[in-house]
Each structure stands twice: as C-alpha cells, then as structure tokens.
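What follows is each chain in one-letter form.
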Amino acid sequence: MKFNPYIFVFVALFFVSCKNEPYEEIPGQEAGEFQSVPLDFTVPSNFPPLVYDIEANPPTETGFELGRRLFYEGRLASDNVVACGFCHIQEFAFTHHTHIISHGVDGALGSRNAQPLHNLAFQNEFTWDGAAIHLDMQPIIPITNELEMNETFTNVIAKLQAHPDYPRLFREAFENGEINSENILKALSQFMVMMVTSNSKYDKFSRNEGNVTLTVNEMQGMQLFNQKCASCHAGELFTDQSYRNNGLAIDPQYNDIGRARVTGFTQDNYKFKVPNLRNIEVTFPYMHDGRLATLEDVLEHYRSGIQNTVNLDPIFQQPDGSLGIPMTDEEKVRIIDFLKTLTDTDFIFDQRFSEF
Amino acid sequence: MKKLTYTLSILTLILVSSCNNDSNAIETSAIEIIFDNRISSSQDLDLGTTVYVNQNNESVVTNELKYIISNIALTQDNGTVFEYPKEDSYFVINEENSSSLTLNLTGIPIGNYTQISFGIGVDQSKYPLDGGVMNFIPTAEDAGMLWNWAAGYKFIKFEGTFTPQGGTESPFVIHVGSHGQNLDNYKFVMLPLANTINVATGNTAVVNIEAYVQNIIDATNQIKLEDTSDIQVDPVNAPRIAKNLESTFSAE
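If you read the protein sequences in the order shown, they are chains Z and C. For the first sequence, the numbering used here assigns the number -17 to the initial residue and increments by one for each residue that follows. For the second sequence, the numbering used here assigns the number -6 to the initial residue and increments by one for each residue that follows.
For the record, the hints were derived by calculation from the structure and aren't laboratory data. None of the values given here were measured: they were computed from a predicted structure. Don't be surprised by glycine CBs; every beta carbon is placed ideally from N, CA and C. It is possible that some hints are incorrect.
What the hints assert, rightly or not - A partial selection of chain Z residues facing chain C, derived with a Cβ cut-off under 7 Å:
no., residue
1, Met119
2, Gln120
3, Asn137
4, Ala140
As the list claims (entries may be wrong) - The calculated label-pair distances, taken between Cβ atoms and stated as ranges, are:
no., chain 1, residue 1, chain 2, residue 2, range
5, C, Glu76, Z, Leu305, 40 to 48 Å
6, Z, Ser27, C, Gln215, 54 to 62 Å
7, C, Asn214, Z, Glu278, 33 to 41 Å
8, Z, Glu37, C, Val44, 30 to 38 Å
9, C, Glu76, Z, Gly89, 43 to 51 Å
10, Z, Asp233, C, Val74, 38 to 46 Å
11, Z, Glu15, C, Thr189, 43 to 51 Å
12, C, Gly160, Z, Thr276, 18 to 26 Å
13, C, Asp37, Z, Ala144, 55 to 63 Å
14, C, Val74, Z, His145, 39 to 47 Å
15, Z, Thr24, C, Leu40, 33 to 41 Å
16, Z, Gln299, C, Leu40, 33 to 41 Å
Stated by the list, open to error - Not close to chain C: a few residues of chain Z, all C-beta gaps over 10 Å, as computed:
no., residue
17, Ser18
18, Arg57
19, Glu107
20, Gly112
21, Thr134
22, Lys141
23, Lys183
24, Gly246
25, Ser286
26, Leu294
27, Leu305
28, Thr325
29, Phe338
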C-alpha cells in the first residue's frame, strides 16, 4: 500500500490527542533500574484468602522499590533519622530487637512493642488495638505520632519533592507521577503487601514440600499447641485476629486500655490483638509492652502468671476456678520446639526487603 | 478515494470519541458554596464571645468549630444528580478561617438545581481507596482534624466553655469521628434548596448553607454538658452528636 499522509496525520493526532499525563518525559533524566511491571503475588496454598484489595493497588517493580526506599527513609520523620525500618528490623521479622517499647525521634519512648511486619495483606486491622482499619492508612499513625516519627505529611511531601531521586521514583511508580500522600501510602503498601512469610519448616511440612518432616518433639509440640493455644492463635496465620485480655498484670505506668482506646467500649478495656506467631522465635521481647523476654516466660505466664483483671478472656478461666492454661514443664518445652518451626529464614534474609 | 474517505471517517470517529472528556462535553459553570456557622437562624456566631443558652440551661461559648465536608452532590429539578469528583470533594470548614467557609466548585453542568447533599466526615465504607481520601491527609492534618494515635479523621471538632445555671464555667471538648470498624459516625445529608439555583454559563451561582451550632448538642439528642463535657471516642455520645449533625444544616 502506498504511504498515505492523511492516515499518518490522523494516527499521529490520535496518539497526541489524549495526552493528559501531568509530566512530560524529561529527556536528560536518567531512568531507574526498575520497570513498571506488575509483581507476581501468589497466595501460599496453605493460606486463607487475601484481605488486601490488591487489584486497587497492584504492586509493580517500581512501586515496590519506591515503597522500600520510603520504608527506610529517615525523611519521613521530623529528625530525618527515624525511618519505619528503625523500629522494624528485618532480621527480627521487622520488630525492634531488644527494645521493650519502641523509640521515636529525639529519644521519645512509646508505650508499646513494635509488632512484626509480615503477612500484612492477610490482616483485617492493624496495630495492637486495631487503630488502623486499612493497611494503606496504617503508616499515618507512626509518621504523625509525636512519640514515633513526629512528622506531618505536608513536610514529608516537601522533603521528598526536594530530593534528587524521589520525583523520578514517583513518576516511574505511579501514572500521575505525583508526590502526594496517596502515592506515599500506596507505595508503602506495595512494599508491605509483598512481605509474605510462608516458607518456614512448618509451612513446608504443612504443604508436603520436599519431604520436610517435623521431629518427634516438634510433632508433640504441634499437638499440644493445637490443644492449648490454637483457639486464639488459629489457622495458618496463627491468629484469629480478635482482641483479648490475656491476663497481664496492669502496668500502672501506662495503664494501657488497649482496644477500648479505639472503640470506647469499657468491655474492650485491656484487650489487645492476638498476635500472629510466625517468626516468633526472633520477635522477642513479647506482649504489647514487651514485658516478657523469652518464649519460656510467655508460656510460664500462661501457666501461672494470669491475673484476673477486668475483661480477662474466659478461655483462661478453668472450670475449677483456677486461672491459666495447665501444662507441664516438658509440655512447655515441646510447644516451644514447635514454635521454632515457624521461623522462616527465607523471609528474614530476603534481599528484596532489606535496606541495602 | 472512497476507501480513503471511509478510513478517514472511522479515524475521525475514534479521534472524537476518544476525547469525550474535553471540548465537546456538556456545558458547565461554577458555583460557590458559602457556609455560615450560626447559633440559630436569628443569632450569629462569634468565636469566644457569643453566648447562648442550651436546653439544659447551660450558657455555652464556642471557641473552636471545625468540621469535614465530603462527597458533595447536586440535584437538578429534573432529578439528575451531579456528583462532584470525590477526590476534589473533601473540605475542612473552619469557623476561625474565613477563606475555608467558601467552597469554589467548578465544572458544574448548567441547569436548575433544587437540592444539595454532602457528607459530614469521611465515608469509611469505601475507605480508603475511594479517590482523594488519602490526599486529604495533609489538609486535615494542618487543621488538626487527624487523630495521631489512630488512622482516622475527626469529623467535627467543637470546643468551648459552658456554665450551668448558678455554676462555674468549665471547658467542653467534642471530637467525633468513626471508631475503627465498630462505629461509623459518618453522616450524609440531603438539603432541599429554599430557592432553585440556576447554574448558567458566565455566572457563578451561590448556595448558602447555614449551620446552627446549637443543634450540635440540642436536636434529636440533647447533651447536658455538665454530665458529659468530654466527648472523644465516646461510643454512647459520639453517635448522638453525629445524629444531631443531620439536622444542623440547611440550604438556600
């Protein structure tokens, strides 16, 4: 067919006519090493369905990388130092290792123990009291809380806009290319959604992968766990995602009322979210305020340390009136043997999630 | 040549239809929505000075009044509803800041409008993926309408002092938002316009909204401040305030 200039002009017009991206390509600007290609997200076969609406914010290579940068970015804090990754350290399943309660800017001390970050796309609410009802909104709390990162979104946006890399990173990650609170939060979510821990020894055993077997002790521990712990630490996420008072003595220094802070209901006083137990071996110290240093201490608490405080969960009240979960010393050790099978070294050493 | 004409007309059709969001869209114009916060229809509000007596005989002075308006929609006399783009539809009305009291909306299809509707607060049922909720964060934060211990907005912030009859003056604080997924205090009101508004090319129509502050604590529900002067994450009284907000606004 002969070259027809009319058709050429019309086709060209067609392509230019609908351009409404706010950013033109900047020819001199170096492109990044990452592409805006969708990342594969597979729900592990032994897992419940996703809670996070991944269609609404599908992780891409560039979005994930931006999220990773932001996760480790001190500029999200007022002192330009305390990044998300400051209290959420990968090697400890993104908890604040050795810190009972988390530290914020200028040495400020919070009142709670940083929770592990993994399998967040399967959680329906976030933080110890459920103060965030969507993963995308969760980072608002640590970023703005004066005891944590103590920064405003207005300032964060200004700092990122003035940065040599971020304008390009946002353009590569999002169609509208804007540095705004929505894109900051969506990028962080893309990073966090990908943080799935599902390759522990337990998982491989559970999925019948590669002839992985549990030892006799671990098997015994699993059976004991199922009898004594799994009613709350239920299913493959090892939490039923409910809020319960597990009988910790009330610490007068904080008098943390837990779930009631969100709902305002007195019947929610002293209830905290049942934590998931994945990677529990490395997420010490334990409990919402980090008061228990070891897994031995935790099991001893459930055996002999339960206090009958307001709204104590009925599950800890035995028919004979005693409190706690009866178990022998040996049973405690077996349960811990099992809990250690939940450690996923693939996850805690996964290069994709590390700062450098 | 016939073939060429045919090809050209198809291409023209594609070209025209592919850009239906610009020049050949329906004609639009602008409106101004002006919020007038008053004690009642007959009494204006001055922060820190105006005193009014509530139904529990308490003298009330307002020191701060802010609330979030969202999801604005306008209804024409033929029943057509125009929803203002949600992502541009979040506002903080702050009595202290006069520029916040006038909302300038553009791109309103021309026509005669008989009703305005809007949300008070943020609709969490579509949280947060409905456009704009997340980009409203800096505005809400600057206005102090964001809680920093929970990922949520304060829908209304109403603070001041009250003096029971023969008693002494004390402060009151009312901050109402939703309580996680347990309690949704978002309200949506539909207000008939006392006079039909004509949105026409070349002029900016004005919608006046009056908010009667006295109704916040005295409408469907009566709040006695002497009994509850601090309403924050209060599962009993926060929904009672939210209910009252449904009858706080009128439009003309």
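Verification of the supplied hints:
no.	hint	result
1	Met119	4 Å, holds
2	Gln120	6 Å, holds
3	Asn137	9 Å, violated
4	Ala140	10 Å, violated
5	C:Glu76 with Z:Leu305: 40 to 48 Å	56 Å, violated
6	Z:Ser27 with C:Gln215: 54 to 62 Å	57 Å, holds
7	C:Asn214 with Z:Glu278: 33 to 41 Å	53 Å, violated
8	Z:Glu37 with C:Val44: 30 to 38 Å	54 Å, violated
9	C:Glu76 with Z:Gly89: 43 to 51 Å	48 Å, holds
10	Z:Asp233 with C:Val74: 38 to 46 Å	54 Å, violated
11	Z:Glu15 with C:Thr189: 43 to 51 Å	59 Å, violated
12	C:Gly160 with Z:Thr276: 18 to 26 Å	56 Å, violated
13	C:Asp37 with Z:Ala144: 55 to 63 Å	44 Å, violated
14	C:Val74 with Z:His145: 39 to 47 Å	43 Å, holds
15	Z:Thr24 with C:Leu40: 33 to 41 Å	57 Å, violated
16	Z:Gln299 with C:Leu40: 33 to 41 Å	53 Å, violated
17	Ser18	20 Å, holds
18	Arg57	15 Å, holds
19	Glu107	7 Å, violated
20	Gly112	5 Å, violated
21	Thr134	5 Å, violated
22	Lys141	13 Å, holds
23	Lys183	35 Å, holds
24	Gly246	4 Å, violated
25	Ser286	33 Å, holds
26	Leu294	21 Å, holds
27	Leu305	28 Å, holds
28	Thr325	30 Å, holds
29	Phe338	29 Å, holds
The structure fails to meet hints 3, 4, 5, 7, 8, 10, 11, 12, 13, 15, 16, 19, 20, 21 and 24 from the earlier list, while all remaining hints are met.
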